[in-house]
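Since the structure of chain C is provided, determine the placement of chain X on it from the hints.
This is what each chain is made of:
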Amino acid sequence: MQLTLEFGGGLELLCNSVKIHSVDVDHKVGEEKVQLTMKDLLAWVRKNLIKERPEMFMKGDSVRPGVLVLVNDCDWELSGQLDTILEEKDVVVFISTLHGG
Amino acid sequence: MEVVAEKPGRVRNCCLCNLRKAALKRPKTLQQICRECFYEVFEEEIHRVIVDNRLFKPGERIAIGASGGKDSTVLAYVMAELNRRHNYGLDLFLLSVDEGITGYRDDSLETVKRNEIQYGLPLKVVSYKDLYGWTMDEIVKMIGLKNNCTFCGVFRRQALDRGAALLKVDKVVTGHNADDIAETVILNILRGDIARLGRCTSITTGEDGPIPRCKPFKYTYEKEIVMYAYFKKLDYFSTECIYSPNAYRGFAREFIKDLERIRPRAILDIIKSGEDFRIATSTKMPEQGTCERCGYISSQKWCKACVLLEGLNRGLPKLGIGRRGIDNERNSRKTIENKQCGSLDF
Numbered sequence: 001m002q003l004t005l006e007f008g009g010g011l012e013l014l015c016n017s018v019k020i021h022s023v024d025v026d027h028k029v030g031e032e033k034v035q036l037t038m039k040d041l042l043a044w045v046r047k048n049l050i051k052e053r054p055e056m057f058m059k060g061d062s063v064r065p066g067v068l069v070l071v072n073d074c075d076w077e078l079s080g081q082l083d084t085i086l087e088e089k090d091v092v093v094f095i096s097t098l099h100g101g
Numbered sequence: 102m103e104v105v106a107e108k109p110g111r112v113r114n115c116c117l118c119n120l121r122k123a124a125l126k127r128p129k130t131l132q133q134i135c136r137e138c139f140y141e142v143f144e145e146e147i148h149r150v151i152v153d154n155r156l157f158k159p160g161e162r163i164a165i166g167a168s169g170g171k172d173s174t175v176l177a178y179v180m181a182e183l184n185r186r187h188n189y190g191l192d193l194f195l196l197s198v199d200e201g202i203t204g205y206r207d208d209s210l211e212t213v214k215r216n217e218i219q220y221g222l223p224l225k226v227v228s229y230k231d232l233y234g235w236t237m238d239e240i241v242k243m244i245g246l247k248n249n250c251t252f253c254g255v256f257r258r259q260a261l262d263r264g265a266a267l268l269k270v271d272k273v274v275t276g277h278n279a280d281d282i283a284e285t286v287i288l289n290i291l292r293g294d295i296a297r298l299g300r301c302t303s304i305t306t307g308e309d310g311p312i313p314r315c316k317p318f319k320y321t322y323e324k325e326i327v328m329y330a331y332f333k334k335l336d337y338f339s340t341e342c343i344y345s346p347n348a349y350r351g352f353a354r355e356f357i358k359d360l361e362r363i364r365p366r367a368i369l370d371i372i373k374s375g376e377d378f379r380i381a382t383s384t385k386m387p388e389q390g391t392c393e394r395c396g397y398i399s400s401q402k403w404c405k406a407c408v409l410l411e412g413l414n415r416g417l418p419k420l421g422i423g424r425r426g427i428d429n430e431r432n433s434r435k436t437i438e439n440k441q442c443g444s445l446d447f
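Residue numbers (this note's numbering), protein chains in the order written: chain C, 1 to 101; chain X, 102 to 447.
Derived by calculation from the structure, the hints in this document are not laboratory data.
Quick list of in silico lysine to aspartate or glutamate cross-link-like pairs, EDC-like style, CA-CA up to 20 Å:
hint : chain 1 : residue 1 : chain 2 : residue 2
1    : C       : 89        : C       : 6
2    : X       : 269       : X       : 231
3    : X       : 225       : X       : 192
4    : X       : 122       : C       : 73
5    : C       : 59        : X       : 355
6    : X       : 122       : C       : 77
7    : C       : 51        : X       : 341
8    : X       : 333       : C       : 6
9    : X       : 126       : C       : 77
10   : X       : 126       : C       : 73
11   : C       : 28        : C       : 87
Owing to the predicted nature of the structure, the values given are computational and were not obtained by experimental measurement.
Chain C with its partners taken away, still in its complex shape:
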């Protein structure tokens, strides 16, 4: 599944200062492709994109409180947070609010 991931508010520093990543993520159980949720995507991001200080990005299996998430420019609190089901060509944005003002 083709997705565009965008990191902002300082989070880009955790992935080699690259803000926009075009990625191909498939979620499989055995041989079968299954639906990809935000929860799966976060685990994938942590494993594949975050190069340093993962604790700045995640806490438990979710984002660290203070990191905003938007799926197709919509607050993920409206689409079910970790249970949000992702679709082809979705754009997921992560913005930290934790850096200075």
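Frame of chain C; chain X shown alone:
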């Protein structure tokens, strides 16, 4: 309306206009609202705070403390917008402090310079080097990475006042938001800093001093500020200071963010608790005087900046750090008055 493939059926319509898809959940009210309604309620709430608290008078000159970060960038944008829309009649300026931190402040100052053009607000930059003869880079070279935030915090507060005096403004506004204030309430409780606890929730401070400061974002959630900047594509800078872990504040911050996730109203509730604190009239509070050396407001013989500077210039940078100050007679009494309070900016 801008449409990006929205999840069909999952996201509800805006609960205010019922026309467009909701784009965010407001932490303050839990309402699900669209972008357009969000802009409107966000700006109007700040306008209400300004009007209800009589923050400004027509004709006043106002400096916006601008760091290039999210809060001050949104503040500059919204202030310029509201000033036009509601005819506040204010003369607005951007005021930035250059601490002299290579790779951090030089970059964020570039953002402020772009904001100067984008928002049409004249910019004044005051530097630590000009005011104190030292850049933060030089200070860190001398004292190392311990306590450097104390120097920076004390110097910044004064630098903002001195810059404001140079601009001949009537007031300074800063971008401190609701999350910051809740955090400071918690910190001041943990530190037992009664004097600061009493005033950290005031929307305007320093009215008895030369240049009062106010916080139009006192009730504005950080989440909404960042969402606003994101949706409006405002140009801000978001790199952490290369010298500052500021660990203690970090713990309070994390605590506030954890609370917010469970119950977003908690932030406003903490501010309310801070406002409702009443300090026993028998408590001795620090007397505000002026620094014998530079004339800046101080509850001691010398202000904190002068003590720190004296230490730097004499090659004794530990002066003024920790509990013992320099030859401050008023400092010898062991009362609540001489608690050191770190580098809090409130």
